[in-house]
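Turn these sequences into a full structure, and let the hints guide you.
Per our numbering, the sequence shown starts with residue 1, numbered consecutively.
Honestly, the hints are just simulated from the structure, not real lab data. Just so it is clear, CB atoms sit at the ideal spot from N, CA and C, and this is done for glycine as well. Hints may contain errors.
Unchecked claim - With a cut-off of at most 25 Å between alpha-carbon atoms, the simulated DSS-like pairs for lysine-lysine come out as follows:
1. Lys94 x Lys29
2. Lys89 x Lys45
3. Lys17 x Lys28
Stated by the list, open to error - Each pair of labels, with its calculated beta carbon distance range:
4. Lys28 x Ala72: 19 to 27 Å
5. Asp69 x Lys94: 36 to 44 Å
6. His88 x Ala21: 17 to 25 Å
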Amino acid sequence: MTVNMSFKHLEPTDAIKAYAADKSDKLKKFFDGKTAVNWNFTVEKQNHIAHCHLVGGNMDYFGEAITTDLYASIDEAVDKIEVQLRKHKEKSKKHR
1 MTVNMSFKHL
11 EPTDAIKAYA
21 ADKSDKLKKF
31 FDGKTAVNWN
41 FTVEKQNHIA
51 HCHLVGGNMD
61 YFGEAITTDL
71 YASIDEAVDK
81 IEVQLRKHKE
91 KSKKHR
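Okay, here's the thing in structure tokens:
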């Protein structure tokens, strides 16, 4: 799994990078092959925005969260993608 990160109006720190990479590994269980996770972190006034784009296995998922804490935004974005992945997995099981 490759993890790419970009920062806008925000200083990239090792703690943020490690936290986002750790949360991205949580999504690895849904995929067998190659996957890529692209993170975009932005600060606008008091809002911290975490945008996550997950690509792999002929699938494309997006999760975005806006909170006052960047770590909470990362958690929410990953949770949104997990919901999408679980929903897709349940649908594919029903069609078998």
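Do the hints match the structure? See the list:
{"no.": "1", "hint": "Lys94 x Lys29", "result": "20 Å, holds"}
{"no.": "2", "hint": "Lys89 x Lys45", "result": "38 Å, violated"}
{"no.": "3", "hint": "Lys17 x Lys28", "result": "17 Å, holds"}
{"no.": "4", "hint": "Lys28 x Ala72: 19 to 27 Å", "result": "22 Å, holds"}
{"no.": "5", "hint": "Asp69 x Lys94: 36 to 44 Å", "result": "37 Å, holds"}
{"no.": "6", "hint": "His88 x Ala21: 17 to 25 Å", "result": "23 Å, holds"}
Going through the hint list in order, the structure does not satisfy hint 2, though it satisfies all others.
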